[in-house]
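Trainee: Sequence:
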Amino acid sequence: MTDPQQVQDRKIKLDKLRAMNVAPYGHRFPNVQPLATVRASSESLNLEPGQHAENTTVRVAGRVMLHRPCGKLVFMTIRDGTDDLQIGLSKAAVSPEAFTIANKLLNLGDIIGVEGTLGRTRTGELTVWATSLTVLCKAVQPPPEKWHGLKDVDLRYRRRYVDLFTNPQVREVFKQRSMIIDAIRRCLVERSFFEVDTPVLQPIYGGAAARPFTTHHNALDLNLFLRISPELYLKRLLVGGIERVFEFARVFRNEGIDTQHNPEFTLLEIYQAYGDYHDMMDITEAMVAAAIERIGGGFKRQFGELELDFTPPWRRATYAELLKEYAGVDMNDEPAVARKAEELGVLAKMKAAATEFVVPDHAILVNEVFDAMVQPRLIQPTFVRDYPAPLCPLTRRKPDDPNIALRFEAFVAGCEIANAYTELNDPRVQEENLRRTLAGERRDETMAVLDEDFVLALEYGMPPAGGLGVGIDRLVMMLTNSASIRDVILFPLQRPKAAIDEDVDSV
RNA sequence: GAGGGCGUAGCUCAGUCGGUAGAGCAACGGCCUUUUAAGCCGUGGGUCCUGGGUUCGAGUCCCAGCGCCCUCACCA
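Under the working numbering, residues 62 to 568 are what the first sequence spells out, in order.
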């Protein structure tokens with residue numbers, strides 16, 4: 062396939078540079094100052110418009126975003142990871158080669174290094190007046206349009222590198238993502254939590270209800286799963302005496318993709334020995350507060366049309382209270398729940414979806430009513446605790462009420478961002494629960510099996526503990542006002558284009 | 001899985017009733033010493049997502065497919 066005309070033009074310039082003995086792909090360019098630093102430090106110079114400070118040598122580097130040749134002057138705007146800054150290059154002040162390069166051989170998207178002095182133009186624009194110019198990288202692909210940037214959503218994800226250097230607000234979201242994760246990590250370390258890495262490749266998967274990805278190890282001739290959760294390994298570490306443990310776990314779930322689900326995502330899991338789910342609520346609030354303090358913008362934040370208020374403490378309510386409040390029914394009033402479900406058309410919907418329809422029991426109906434009437438209205442950060450036990454078969458029951466599970470979920474903007482339990486540590490009960498759950502699962506090629514080593518670990522003794530999972534991507538969405546999970550994941554999964562598919566097949 | 005929308009130059013987008021494929025930016029050549037999405041003069045650039053069909057004639061209408069987005073469903 063022949064190159065587009067603009068790529069050909071740029072390759073011609075590449076050859077012209079080489080003919081001038083100029084390396085189009087440069088090397089080390091030491092001692093550069095970030096553009097934001099240059100801008101900040103220029104304040105103290107109090108430069109007047111038109112003024113030029115001869116004794117202020119700076120070295121900067123960046124990508125050419127705008128290029129304005131103007132006779133015997135060339136103005137450029139370059140961008141680095143911190144800021145944009147204008148470069149001015151006068152024919153009288155640089156070598157003839159440098160002027161030719163700047164005037165004729167540079168294109169938008171090239172990366173250059175500049176040494177020069179600081180000044181302001183007549184209109185007051187801070188400018189590095191170049192004394193020398195170094196080509197650091199000639200770009201052969203043209204960047205997107207300078208005003209609108211890269212808009213095509215598909216291309217933005219497939220070529221995130223272009224998205225990042227053309228759309229600064231995208232870079233800002235990922236910078237905030239990094240700061241959020243760092244703030245959470247520090248918050249946990251400060252509380253004596255211990256960060257670990259547990260296996261991604263697992264011979265037996267567990268810890269959540271989700272379909273896994275499968276893979277294979279050649280040397281061991283072993284089928285493996287990509288983890289759907291780190292839970293069973295982190296609990297082994299509780300047995301091992303790591304009493305406060307966490308992992309930022311990349312997990313993989315072989316399920317649908319939408320604005321809140323990506324096949325791989327980051328799940329923070331935390332376990333605290335001798336604690337329970339109340340401790341996990343405190344930690345959730347503390348982590349989110351630390352994250353917000355780091356990225357700034359305050360506890361009251363815009364999310365789409367909504368204004369969210371993350372000021373701790375968040376509302377803590379029981380499942381039953383919220384059901385009463387939003388659906389107007391008593392959780393234990395079976396006829397009332399059934400009537401409500403009927404009103405909502407839940408049964409009809411379930412009949413339409415199910416292959417073999419089984420009359421749902423009370424807990425299922427409660428759950429349907431909750432999902433339809435309560436969850437979408439949990440806009441402000443809310444902890445929902447004490448779930449109906451049948452909905453959480455693996456969870457410890459409330460000591461004085463076996464119908465209640467010691468679990469909470471945190472919702473923001475109607476979206477689940479955290480899930481926590483007072484963990485079960487009786488190996489016999491845990492094993493029974495696991496077996497019962499597995500028996501109820503549909504048989505297929507990726508069927509879950511009982512992790513007997515996990516049960517063995519519990520038999521050695523796991524301290525009572527609180528456990529928490531936080532959907533980091535969703536939390537980042539909320540805090541950065543991003544509508545789609547793909548906007549907070551650098552390289553979300555996209556179906557490859559046909560040509561790429563062929564390449565894979567031919568290998 | 002169902003419904004809806006989108007796919008045209010490197011990028012952002014127009015394209016009327018079916019009648020020779022358009023603009024801005026970018027690119028190329030020229031002019032210009034204070035520009036700010038610089039300006040002026042000139043030039044080149046198209047698998048109109050793919051494949052069929054209807055038609056004298058299809059970017060436009062029909063069918064099928066591919067990719068992406070949205071809503072719903074599924075999935076915790």
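By construction, these hints were calculated from the structure, which means they are not laboratory data. Check each hint, because a few of them may be wrong.
[To be verified] Below 25 Å or equal to it, Euclidean Cα-Cα: the simulated PhoX-like pairs (lysine-lysine) are:
#	residue 1	residue 2
1	K152	K74
2	K236	K72
3	K212	K74
4	K133	K74
5	K165	K212
6	K165	K152
7	K459	K558
Trainee: Could you run down the list of hints and mark each one as holding or not?
Mentor: How the hints compare with the structure:
no.	hint	in the structure
1	K152 with K74	holds, 20 Å
2	K236 with K72	violated, 34 Å
3	K212 with K74	violated, 28 Å
4	K133 with K74	holds, 20 Å
5	K165 with K212	violated, 29 Å
6	K165 with K152	holds, 12 Å
7	K459 with K558	violated, 52 Å
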